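Asks: Under the numbering used here, the residue at position 77 of the sequence shown is numbered 82, and the numbers go up by one with no gaps.
Derived by calculation from the structure, the hints in this document are not laboratory data. Fair warning: there could be bad hints in the mix.
Claimed, not checked - Calculated lysine-lysine pairs in the DSS-like style (CA-CA distance at most 27 Å, straight line):
| # | residue 1 | residue 2 |
| --- | --- | --- |
| 1 | LYS160 | LYS91 |
| 2 | LYS17 | LYS111 |
| 3 | LYS117 | LYS90 |
| 4 | LYS166 | LYS155 |
| 5 | LYS34 | LYS17 |
| 6 | LYS111 | LYS46 |
| 7 | LYS111 | LYS162 |
| 8 | LYS111 | LYS91 |
| 9 | LYS111 | LYS16 |
| 10 | LYS23 | LYS46 |
| 11 | LYS17 | LYS160 |
| 12 | LYS23 | LYS160 |
| 13 | LYS31 | LYS17 |
| 14 | LYS16 | LYS155 |
| 15 | LYS17 | LYS46 |
| 16 | LYS111 | LYS90 |
| 17 | LYS76 | LYS160 |
| 18 | LYS166 | LYS17 |
| 19 | LYS155 | LYS117 |
| 20 | LYS31 | LYS46 |
| 21 | LYS166 | LYS46 |
| 22 | LYS60 | LYS117 |
| 23 | LYS155 | LYS91 |
| 24 | LYS17 | LYS155 |
| 25 | LYS160 | LYS90 |
| 26 | LYS16 | LYS34 |
| 27 | LYS60 | LYS31 |
These figures come from a predicted structure and were not determined experimentally.
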Amino acid sequence: MILEVLSYPNKKLYEVSKEVTEFDDKLHKFLDDMYDTMIAKLGIGLAAIQVGVAKRIFIINLVNEDGIQDKNELIEVINPVFEDKKGESIFQEGCLSVPDFYEEVKRAEWIKVSYQDRFGIHHSIEADGLLAIAFQHENDHLDGHLFIEKIGFTKRKKFDKEFKSGKKQKPKESS
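Sequences are here, hints too, so could you generate the full structure?
Replies: Right, dumping it as C-alpha cells:
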C-alpha cells in the first residue's frame, strides 16, 4: 500500500521517533508499505516519520551500478545507533518531504552504524559515499530534523523565500 508522505512544514516531521520494541507481522507489513511508497515516490530512502509514524525506522535502496534499484539490496534499519563517523563530505541532497528543493549539505564521509532488521536481529555496517550520506539523512528524520536545517544561513533564506512564493528549485545539472 502506498502511504502518504508528509511535506514540510508539517509539524509531525519534527517529532523525535521512539524505539521499536515489537518485531511482528504488523512491523513487516509497515516496512513493505514503506518500500512500496519509497519506490512509487522515486526515492532512495524513507524514514517512518515521513509517513506519520514516529518509530526509529528507515529504509534505503540505492540505485546500483546497472542503474537498477534492486529490492535485494534494500536495507531496513531499525533502532540505529551511530558508533563512529569520520571525515567530511559535501553532497547535494533532496528529500521526499521537501519536494523539488536540492542543496549541498556537509556530512561525515564514513560511518559505522549498528541497527536491527525486521526480525530484531542486530547488524553493524560501515559505509561511505552515498550510502553514508543516506544513512545520516534518514537518521536525522528520526531525531526530528530535516536537511534544510543543515544548509547555510543565506541558502536557508533563499529556501524560505522560494517556499513562501511557491517557487521550486530544480536540481543542478552535472557538468
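Asks: Indicate, hint by hint, whether the structure satisfies it.
Replies: Hints versus structure:
no., hint, result
1, LYS160 <-> LYS91, "holds, 25 Å"
2, LYS17 <-> LYS111, "holds, 25 Å"
3, LYS117 <-> LYS90, "holds, 6 Å"
4, LYS166 <-> LYS155, "holds, 17 Å"
5, LYS34 <-> LYS17, "holds, 22 Å"
6, LYS111 <-> LYS46, "holds, 25 Å"
7, LYS111 <-> LYS162, "holds, 18 Å"
8, LYS111 <-> LYS91, "holds, 12 Å"
9, LYS111 <-> LYS16, "holds, 24 Å"
10, LYS23 <-> LYS46, "holds, 25 Å"
11, LYS17 <-> LYS160, "holds, 24 Å"
12, LYS23 <-> LYS160, "violated, 31 Å"
13, LYS31 <-> LYS17, "holds, 22 Å"
14, LYS16 <-> LYS155, "holds, 18 Å"
15, LYS17 <-> LYS46, "holds, 19 Å"
16, LYS111 <-> LYS90, "holds, 13 Å"
17, LYS76 <-> LYS160, "violated, 35 Å"
18, LYS166 <-> LYS17, "holds, 22 Å"
19, LYS155 <-> LYS117, "holds, 21 Å"
20, LYS31 <-> LYS46, "holds, 22 Å"
21, LYS166 <-> LYS46, "holds, 25 Å"
22, LYS60 <-> LYS117, "holds, 21 Å"
23, LYS155 <-> LYS91, "holds, 18 Å"
24, LYS17 <-> LYS155, "holds, 19 Å"
25, LYS160 <-> LYS90, "holds, 25 Å"
26, LYS16 <-> LYS34, "holds, 25 Å"
27, LYS60 <-> LYS31, "holds, 13 Å"
Of the numbered hints listed earlier, those contradicted by the structure are 12, 17.
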